[in-house]
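Asks: One-letter residues, chain by chain:
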Amino acid sequence: MSSDINVTVASFIDRLKRRQISGSYNIAMETLQILKRFVSAARWSHVNDLIDQLRELGNRLERAQPTEFICGNIIRRVLAIIRDEVEEELASTMAQTTTEPMISSMFNLLQKPAVPLQKSLDQPKTDIRQVIIQGIKDLIDEIANIDDGIQQIAIDLIHDREILLTPTPDSKTVLKFLIKARERNNRNFTVLVTEGFPNNTSVAHEFAKKLSEHGIETTIIPDTAVFALMGRVGKVILGAKTVFTNGGTISSTAGVSSVCESAREFKTPVFAVAGLYKLSPLYPFDIERFVEVGGSHRVLPTMENDRVGSYNRLDTVNPVADYVPPENIDIYITNIGGFAPSFIYRVVWDNYKQEDVNLEGVQQ
Amino acid sequence: MPPRKGKVANKSANGGKGNEAVQDERLQAIVMTDSFQTRFMPLTSVMPRCLLPLANVPLIEYTLEFLAKAGASEVYLVCASHADQVNEYLENSKWNLPWSPFKVSTIMSLESRSVGDAMRDIDNRGIITGDFILVSGDLVTNMEFDKALEFHRKKKAEDKDHIVTMCLSKATQFFRTRSHEPAAFILDKSNDKCLYYQDIPFASSKKKSSVAIDPELLEDVDEFVIRNDLIDCHVDICSPHVPPIFQENFDYQFLRRDFVKGVLSSDLLKKSIYAYITDDYAARAESWQTYDAISQDFIARWCYPLVLNSNLLEDQTYSYESQHIYKERDVVLAQSCKIGKHTAIGSGSKIGEGTFIENSVIGKNCQIGENIIIKNSYIWDDSVILDNSMIEHSIVASGVKIGRNVTLEDGCVIGFNVTVDDGKTIPNGTRISELPVQKMPSPFLDDGSYTDEEDISDREQKHLIEPATDLVGEGGTGYIYESDYSDIDDEDSILDRVTNTLTYRIENLYFSDDSTSSASTKHRKRRTMSTTSMTTDREAEDGLEEEDEDFEKEAIATVERAMENNHDLDTALLELNTLRMSMNVTYHEVRSATVAALLRRVYHFIATQTLGPKDAVAKVFGQWGMLFKRQAFDADEFVDLMDLILEKVSKQNFEKPEFILFSALNCLYDRDILDEDVIYQWWDGVSQDPELEKVKTLTAKWVEWLKNADEESEEEESDESESDEN
Chain B
1 MSSDINVTVA SFIDRLKRRQ ISGSYNIAME TLQILKRFVS AARWSHVNDL IDQLRELGNR
61 LERAQPTEFI CGNIIRRVLA IIRDEVEEEL ASTMAQTTTE PMISSMFNLL QKPAVPLQKS
121 LDQPKTDIRQ VIIQGIKDLI DEIANIDDGI QQIAIDLIHD REILLTPTPD SKTVLKFLIK
181 ARERNNRNFT VLVTEGFPNN TSVAHEFAKK LSEHGIETTI IPDTAVFALM GRVGKVILGA
241 KTVFTNGGTI SSTAGVSSVC ESAREFKTPV FAVAGLYKLS PLYPFDIERF VEVGGSHRVL
301 PTMENDRVGS YNRLDTVNPV ADYVPPENID IYITNIGGFA PSFIYRVVWD NYKQEDVNLE
361 GVQQ
Chain L
1 MPPRKGKVAN KSANGGKGNE AVQDERLQAI VMTDSFQTRF MPLTSVMPRC LLPLANVPLI
61 EYTLEFLAKA GASEVYLVCA SHADQVNEYL ENSKWNLPWS PFKVSTIMSL ESRSVGDAMR
121 DIDNRGIITG DFILVSGDLV TNMEFDKALE FHRKKKAEDK DHIVTMCLSK ATQFFRTRSH
181 EPAAFILDKS NDKCLYYQDI PFASSKKKSS VAIDPELLED VDEFVIRNDL IDCHVDICSP
241 HVPPIFQENF DYQFLRRDFV KGVLSSDLLK KSIYAYITDD YAARAESWQT YDAISQDFIA
301 RWCYPLVLNS NLLEDQTYSY ESQHIYKERD VVLAQSCKIG KHTAIGSGSK IGEGTFIENS
361 VIGKNCQIGE NIIIKNSYIW DDSVILDNSM IEHSIVASGV KIGRNVTLED GCVIGFNVTV
421 DDGKTIPNGT RISELPVQKM PSPFLDDGSY TDEEDISDRE QKHLIEPATD LVGEGGTGYI
481 YESDYSDIDD EDSILDRVTN TLTYRIENLY FSDDSTSSAS TKHRKRRTMS TTSMTTDREA
541 EDGLEEEDED FEKEAIATVE RAMENNHDLD TALLELNTLR MSMNVTYHEV RSATVAALLR
601 RVYHFIATQT LGPKDAVAKV FGQWGMLFKR QAFDADEFVD LMDLILEKVS KQNFEKPEFI
661 LFSALNCLYD RDILDEDVIY QWWDGVSQDP ELEKVKTLTA KWVEWLKNAD EESEEEESDE
721 SESDEN
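Taken in sequence, the protein lines are chains B and L.
For the first sequence, the positions run 1 to 364 when UniProt numbering is used.
For the second sequence, the positions run 1 to 726 when UniProt numbering is used.
Derived by calculation from the structure, the hints in this document are not laboratory data.
Here the structure is a predicted model, which means the values were calculated and not measured.
No false leads were mixed into what you were given.
One-sided excerpt, in silico: chain B residues whose CB lies under 7 Å from chain L:
(1) Val7
(2) Ala10
(3) Ser11
(4) Lys17
(5) Arg18
(6) Arg19
(7) Glu288
(8) Gly294
(9) Gly295
(10) Ser296
(11) His297
Non-contacting residues of chain B with respect to chain L, defined by C-beta distances greater than 10 Å in every case (computed):
(12) Lys36
(13) Ile133
(14) Asp160
(15) Lys176
(16) Ile179
(17) Ser212
(18) Ile220
(19) Pro222
(20) Ala225
(21) Pro326
(22) Asn351
Calculated cross-link-like contacts (lysine-lysine; reagent style DSBU-like; alpha-carbon spacing at most 35 Å):
(23) Lys176(B) / Lys147(L)
(24) Lys36(B) / Lys94(L)
(25) Lys170(L) / Lys17(B)
(26) Lys209(B) / Lys189(L)
(27) Lys170(L) / Lys209(B)
(28) Lys156(L) / Lys17(B)
(29) Lys209(B) / Lys154(L)
(30) Lys338(L) / Lys17(B)
(31) Lys17(B) / Lys147(L)
(32) Lys170(L) / Lys270(L)
A virtual CB, placed ideally from N, CA and C, is assigned to each residue, including glycine.
Only chain L is shown next, with the shape it has when bound in the complex (with noise of 0.2 Å):
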């Protein structure tokens, strides 16, 4: 049985020797267990996703049981987001007791925006000796295993550039728990090598699609398939080979559309990736759709001999009933109370007289009144819900108290310890949150436990969050969660609305599910679009915006890096240039980069009265104004950096900005940066902005000064001293 062999591993892993002799048979495994995602907002701002319990079980939970099955003996869980809490729930799991398959150690990465970054710090780690397997933290699978090893060890043998197995699961486009990835898979058809991976759009965007393949992918191949019916649960086999990869392409984040498709298309690389593909139940808890998919999946006994049943944890005690009904012990139901089909019910949970529950699961210690219709709804530990209340299609997560005659209309989610009051009617769609969620345009990872406290600041004065009292009640606590992009469109909003009315299901909840990694430093622009849901258009714009963002946080914090530690000049724009490439934006971007970064030093020596104005911006644009000479190309482009001066110097809140300006101008006209001409095209077409006019005063006469000395130079070209001395 794999799981002997897991345990002779760690036992001797445990008396700290590291039998060598084993080492063939060791099987590591590591789990992402950050997503890398806000999908689950508001909830994922309290708990981190894969301890979100679906039926009851945390998710990591199956994550863990299918490694313990597939005969994993160490287990690395990599913790971005909430890690502390991933660490203490497995610290007092039964993974930590001396009987566990496996050994388990959570791996703090806590700066990891990506599964690439993840990848590199485990790389840096240098904790991977062999094969190992790669998984995410929500991943629900019956999947056998051992024949996808074995096929990962016989390709392995016939193919020494084999480096990754990808496990995937058979289903049709529109199955249920399919991915939020779409793609399409090029198959080798005869051993199912993959020539080449795209993703494509989600069937329900308007976008048509074209998968273009390099005519050199396919050569010396026989016959191929496309694929698009195939579930990637990023189940993968990996080889050792695979974090060094992440680490020499350092702009790698995703494991599918940059690793993949990277290692594929690479004529350097000629590794190659084989998928094994499988007839058993696989699916990923990436979003509330797929979440309430699994769920009811997971209760019908899609994935056997993964029950509710088996009782996963210790002290579980659930057992089943004809119609998929699940009850563990010490439920107290009602003499007239209905549990129909589907239904899961944890211990010591009440339901009152006349309550009706179906396709639904009830936590533990949940008190549930009577007369209330409880339909397609997931209700978490210790909730309360008060007579007469209907849910249908919602999530009312732990700590919840719903009060008389509520009604939560479909796909609600109800954050941790809200209380509604009586009487009130929770519209479709909405999420509440017990403390107010901070959002922002780049969220971080699942949650907010890193959030940078000027960042809030600085986006929460535009929307100063308030109770949602006309929706919870006087009496109830909780504020309204909007999804970051819920107030910018029109034509979307039209589409969520059509989706509502179309289908009662909670796959509405999410409309929000960008990608975090749009935080990171090295990003690209079709990332965010293809991360996005059926609403693809709209947060592409919002891609772009956040992405300009991040590359200019970033680049401001190159060049104040490189003032500080006196790079030379190569080295700043050196690092600049691959910034600008990996982050696919233009020069002006940089150059507005640069100038913010420069008039923040300058504003840094004012303020801490190191230099006096004048020799602040000599010595700084003096030394650093040659970065512009590589950053801008012909006249337009100078006239657009001397917008951006101005524009800059304006918002840096200088004590006499119209000095700023001129020595700023002046310096770099000394420099031979700007000419003459350049510097009159701009001053005609400059902003006749009259906030800006302050500003301008002593530039207009330092411009006229120019004109003035440029025409008397025209006439006498010895004239030079004299527009010295002016």
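Excised from the complex, chain B in its bound form (with noise of 0.2 Å):
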């Protein structure tokens, strides 16, 4: 391996680490060059070999910042692509080498060997490369048109006069969806923007701007007035920042769990959007260690608490993220269509391969 790719990788998990890179879209895209030149300078005997070093990559950046799935997702969508590449080969070599008998005996079939299919695989690997590196094209594309997708399919959802309530004001996703809604169906309707405090406020204030300057009519609302609006509220739409394979969410913004659960209690529908490459096929087993916590600095100005002399009983903690379970989120919608949280399992294992879910550790 090259060491310029080295440097490239490294400074990549450094900025993760320092969280100067954030937004699931810029994390994508970076993972996914990454990945195009460590594929392309990668040297590698057999398919395994790459497939040990993606793997151990992947270990790495999800390393660096666990609470950022993306780059999990991604690297597990490329190593997808090569399983299915290696199957695929694997299958064609077969209809080659196996047309004499067709089925003869169950003795055969379990006898199958595994040798001869090895040593076919050895040959067209130069092949593979382009096959991968056209896979990672081809997933920078759908990454790149992901809102278009989503657009498309979510449009017809939202009704003339309707009012929406969207907790996450810092999804791009969420905001030209709105606005396409807007532009393309000329449809009146009013969106509501919980404010988000802390982490997002400035953000929220961002949102409304926009949407109010693309003729949408928006309130911002405080955190603490969702349950009080909820019985107005039409719909409510979320952006997801990682969908696992029960159906469940983490959100971007804090305070989204009470949103849908006030949802839930008036059974106002919850849309959450989200692209594809945000279905990630870890299960969330320890949600604790999938919300990420934020600086206290926000939730209470540092250097205000004097706090010398005596022992400091006063405690903050600012998740900037929340995890939604699936029961209380009605309808997931990607580019590729809408699905209800209990069916998001069979997407993600049209998406991933099994044996990628833990990337830990060499696999058998």
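Hints are included, so try docking the two chains, each in its own frame, into the full complex.
Replies: Okay, here's the thing in structure tokens:
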């Protein structure tokens, strides 16, 4: 492996650690670029070598920022592409070699040797590199155009004179989706935006301004007013940061969970918009570990607490993300269609391979 | 992204080309790894301050992380004490890898005794090419440096005399990470230009302070603010003009007290300094007190995104759990142990049954036994704590063994590799080190690495340190470390006791935080006074004493140099005078030093048998006695001079002190430096110390003779030939 790619990877990891790169989209794109370079620079004797290298890289990226799932998702997607390719290759060579007997006996079926397959795989490996890189390019295209796909599906979901509430003002997908709905259908609807104190307040203000610039009636409400207003809200739209196999989601703003909880109370439908690349094959066993906790200084201005002389019994916790359980979400709108949370696992396994869920350690 | 740029520059620098095109983008950083203080003794006798772990990460990492984020492309670490350790650490760290965001190199500035010295050294080396960041190696901050830099560039475009931007963060007066050098900043309200800087006493000190501002400074200023609510973490963006200013003003030692104040109040320089005020977290671990506070803040995620679970070191695997608990992999927790809030536990550590830990940091590979209570404490790597012990608000350094049923009371510092035997109780605020730490009135830096052998032997005669067996027990190893001033004062020990009982905090640990630059050549009285903590008055006295001694050493060296190199008299005098002024001492000290130097010279001649006693005295005093002419001006001063000669002669261990004294005085008399009246006056008032009797024998005769001669000459003015014969 050339040192150049090592430098790129290491500095990307450093930036992840320092939170100098943010936003799922940016991270996804950057990861893909690195993967492209990585694959083209990598040397391997067998595809499995490459898979191992990629898994190792994925593990490093995941460890750099355990609450940023996008890197892991992307790498797993690429791994899935490779594995699919390998399988296809296998199938085709099998088709060639195993033309003779169709099915003779059970015994034959079991003793089908793996040895000749290995051999046949060795030959087309230059080809595989091209295929992988093409796969990565496709992935880049897919992610770049994700908003279009979502908009196509979502536009019909918004009705005239409807009141929408969005608790995730930092989601670009939600923003574009609302603006498109307004422009394309020329519908009149009202959007309530939660303030997102303390981490997202300024983002919420930006978001609301942009919406109002596009002629959408927008209201900023404090996070505390959600329950009171929920009765009048027609739909809750939220942007997902990560969607787990169980259909639960990690949102990029704290407070989403309570919004969804109150929406459930009022039987208000909750729509979550998410690009396909946000689906993660992980299962949220330990929610605590998946929710990033941010800086305390946002909650309480740092320099204003006089704590000299006595012990600090004052604690501040500032989670920057929130976990929404699947039962509080009605539908996920992805670029390939809308799915119920209970169906998400199917979509996940269409795109990922089971053996790549855990990137740690060398696979058998 | 800023680090990107850094990388580009880095590459070009590695290639040896030094791409000039990116010069504007390049940001250099100077890190003062040495604190030039002794606050972290005794631990800093073994390890430099910047490598002490704060929340299991060496302090320097925080600073480097900040610089990486700030987009520095070249980082220079100025090392003085334990420079080899700093260097070695860096070589093996991630910052030395090819993908490090900046190029890091160490500058060995072993002689530096203050920030001023280090800056002069930097100037001599000529490494500064553009604007640079000046920080200390113990900074913990999540400051958004981009904004500060932008501010700096904007101000620089507006004001071409702009040389320094100080980055300050807001805090209330009693904020716990507040700097130990409180100061008032006088700022122009409209543009944050710093008009004046004044260091002020501590909030806890009884001294009242005032700020005197030259009205001229406030001319052309519409509105100004005086602010005492700023934490000054010494993060400065400096222009390349700064090191030369230190060079020109060779007596500048401190960045703020000397440099900032000097620049602002100087009519000649016409440079301006701006203050950038931020709300972000910024603090320096400059004492145990701030160490404690910053650890707690860091654990409680006050300087997010700089948090423990971002795993600053490559081999760390911290993950975060609610209530601000951080655990690395391979931590073994017994079922019944309780881990309370604000706790970090390093990998490989084992916590036994029934143990309770809260508000604490446990290092790697620690063995914590059963039923132990650890609260508000910092246990560093590889320590062993046996069952039923209790540790409250203490620091336990690496490799320590603590026996069963041991109690560490509030504010103990247990140094590296100390062993404490079973059942011992270490009282409040005790500091124990593995080896005796040499104490000197003018401690060198944070450590003892440059200790002058003679110096120690001199001092240690008074203070023979014995192992503190009553504290650490029979099976224990450890020496008690007392801060330099613990045995001097009455008033302050009361103050200490008051603070000890009032606040159960580590702040009580630090009493001696005198500045080491008192050991340096140029020194001002006010300096030592104001770096001291709440115990200002006491240390002021010490400061004076120290100063005198330093001056004496320095002055003796000057005179000796002059004699050896045969300088002319004027040069020697000029040097002495400069020294005198810069240290603010009286002529008495100058005379004392000169006498000592001359007598040493004489002694040297006699001892090496180059010259006989008489010739030696005649030669030395004959040639250099004239110095006194410009060091003493009236009769009293001459009397003082003679007292000094008497005193020094008796101290110098001459074989025949009486003869030396007599010849020296006679020689001075012959050269018209001493006149008869003065001699009589001195003789009348001379000390009657029996020890000096022997020394005075010859002189007595001489004075007698002088008197006679005088009388005679009064009677007969022409009778000089007779006296000559005598």
